[in-house]
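**Student:** Residue strings, one per chain:
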Amino acid sequence: MDVLLDNLDLYGPGFLSTIWLFLISAAASLVLGVILAMLRVAPVPVMRAIGATYVTLVRNTPLTLVFFFFAFAFPLLEIVTSNTFGSASGYYFFAALMALILYTSAFVCEVVRSGINTVPVGQAEASRALGLTFGQMLASVVLPQATRAVVPPMMSTMIALLKNSTIAAGFSVFQAGSISLYLSERGESQMIGLLWVALFFILLVIPMSLLQRSLEKRWSIAR
Amino acid sequence: MSSVLFDVPGPRARLRHRLYALLTIAVVAGALGFVVYRFTVTGQFEPDKWAWLQYEQIQLSLVEALLNTLKAFAAGAVLAMVFGAIFAAGQLSDHKIIRVPALVVVELFRAVPLVVMIFFFHYGVLKGDPFYSVVLGLTLYNGSVLAEVFRAGVRSLPRGQSEAAQAVGMRKTQVMSYVLLPQAVRAMLPAIISQLVVLLKDTALGFLITYDELLEYARELGGAFQFDRPLVPVTLVIGAMYIAMCLLLTWLATYLEKRSRRNKKVLKLEKKPAEDVVAAV
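Top to bottom, those sequences are chains S and D. Each residue of the first sequence is one higher than the one before, starting from 1 at the first, in full-length UniProt numbering. Each residue of the second sequence is one higher than the one before, starting from 1 at the first, in full-length UniProt numbering.
This is chain D alone, in the form it adopts within the complex (with noise of 0.2 Å):
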């Protein structure tokens, strides 16, 4: 916590806080014994719906379909930073003919909902492998969040480095991607990462149009009726593997974050107030 909004507790306080505490676990261990209890119920915890764990079958594909939702997560975020940089450096450009494009682009795919999006390459252009819309979408999405963000990024870097770079004799392009970007992408890593999360997530729309993700296999294996339909522990398992994947991606980032921030080379840029949260999607 950076801020301290009370102080340390007194005896009585504690004493409060303990009671505090007590509710809230009573609360929760509530709320969680409920769930035990339906999940009794109606079976959950029958080993009938846990068989399919030991198969080795299904721990293969399972395997396939997580490779299958990196290899969409992979091309995406490859495609997305291209496509940002790109745009970033078309935002940031002197020729009005250049900049207003670029802006109308960014805005313009970021304010379409991907789903759309992924829909209207699907059933409308694209019309075959799904594999392609989906990373098409992210591509398009992503890459427009992120030319934002790199944008931000060029824009929050003194203006004395680009002033230097000139004062050396270096043209514009030579500006921009030997001094500006590369300060940029540094001090942005922590959101560029952040959105790369929200990138992995989003590949779990591929399973609207059919593409064979980790979700899509969910659903298949949960209808499985030799296992009882084992819908709630398939999706337990499932997000599972999602968090560990998103987790260890945060981590990344608050590694590299910690890292930067001993390394006097890195800017240390002015952070607008509440910015680092990423929005939803």
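Bound conformation, chain S alone (with noise of 0.2 Å):
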């Protein structure tokens, strides 16, 4: 108890970022997957292609890649610089978002595809008889079908995006993960203060996967 007392300005700070990290990626990579479902499920082969072969490529590489890639690498093509940001921590930060928001877009991507997959042909079929385009058959008739299915495997994939948040802390982004290498510099028991970061980790993810199976239980038999 004493290491989280006596350190709760790097705890505090710490879980908000993580908290921001977590909220800001979700959100973007909810948007970006569902435009990559749409790209996937197109009438057009190009399109297809292009989201398949997006899905595959990040799908198969390790998120703490991404990381790499984004923290050491990206710099270096000087897009952007660390004066856009103002400072390295801002970059990092910056670096965590993109490499969190393109890694789980992909299964985002994934998720929501399979859920359109559930929808039975006959739905499609009948927009089409009503004379509805494409976009209006997504929109009105087969995403809203497609959520019951897709609301608890992306309620996991969500709970994968708020653990894989942590990896931030191996790239100089300040959260929860990091917490443990400054207080080692205070001269804290590393143990005790990760177990207490563990703590907070399970106090965010059983409660969502709690919400999962419920929802999971809920949905499934009203169809």
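Since the hints were made in silico from the structure, they are not lab data. There could be a bad hint or two in this list.
Covered stretches of chain S, as calculated for chain D (at least 3 residues, CB under 8 Å) [to be verified]:
1) 21-29
2) 63-69
3) 84-95
4) 137-144
5) 201-212
None of these values were measured; they are calculated from a predicted model. All C-beta atoms in this analysis are idealised placements derived from N, C-alpha and C, irrespective of residue type, glycine included.
Reconstruct the complex from the two isolated chains, following the hints.
**Tutor:** In structure tokens, the structure reads:
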């Protein structure tokens, strides 16, 4: 307990920064993921190929490598500089966001696409018979129904994203995962420090997985 | 594509689709062109930055780093499967005193981020060779996920399987090990292999505690001044290596799934919607 209370100045901002990292990248990867999923079911073969290539490449790359690229290699391309973000830590936060968003959106895309596949073909046929265009059909018939199948696996993708955000600790982003590194500088026990971090994540993740289970139960009956 | 979301296009739609295709190609070509432009401007195509590929010493070190990655993967995979099997059996136990702790352990290790676990083992408990911290972390995390996979597999088997086994006089352990687990493993093989892909990718976390694996070597090589710090080329090459390894595993999974679909002895288990997507880490 002492380790937590004595170092609240580390834990508070650390946890807060993790939550920010999670919220921003969750929102952005949901948007990007849905766009990718729409590409993957589009009638134009080129669009499908591009969506599929992106997902295959990203899904098979370790997230650590993506972080590695954005933290170390990307600055060498001089598209953005640390001046753009005011400071080096600002840049590293941006790099972590980019890595998390690009990586997670591939998984979001797969979840949405498999959700679309659970919608019976007759639904699409019926909406075509009514004269809806492809976009109208996706937006008002297929996607709303797919949501039902999508929510539980989407929750587990988001839980994974939350846990993945700790990798940022290895790349100079100050957040929950990096607390222990600072604790050792203060001569505190890293073991106990990390136990508190682990507890924080358990407290965040367990309600999310409980919610996921209850949604899964409640929504699977409805169809 | 399993569902047909659109009609066979007519002449006008075909024309429109061709227009969309051209637009998409233009956008993607623009994006790639921008990347190539940035690469050229910042000199990523300079022969200096790619010279390292020719050195035999570097190639050997690369293979050695790859072997270290595979070593962590192999150890983690075997141990995680054992861990998963034991805790799946524990969760399915009839005795509350075994079932509840098994459930708690699985939920616990699934909830804690793998990085935090590896840091914990490396800086808190083991403090020695990072290899053990990496393998222990991979085992506990992926083992817990595999335990859930095994459990879901056993649960989805028809009740008649265990009833029949009990009827011929098998004990509970025999029912589990001779009848239920083999069938569950077979039905869940694709999911198990997808989890192994996750495990393979997660070995890259060893980089964070300086385990000498592929990514750690990439950092070392990328900072080498005699090659003008070839971080970008090195990252691309290492990325291609990881993607190739994971694709090989994925192909194995698809191949096994196809084979098991042909085989009538494998039970067709009811699939939950959208469950074929394995969580992101």
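**Student:** Now look at each hint and say whether the structure bears it out.
**Tutor:** The hints, checked one at a time:
no., hint, verdict
1, 21-29, "violated (count 0)"
2, 63-69, "holds (count 5)"
3, 84-95, "violated (count 0)"
4, 137-144, "holds (count 3)"
5, 201-212, "holds (count 5)"
When the structure is compared with the earlier hints, violations turn up for hints 1, 3 and for no others.
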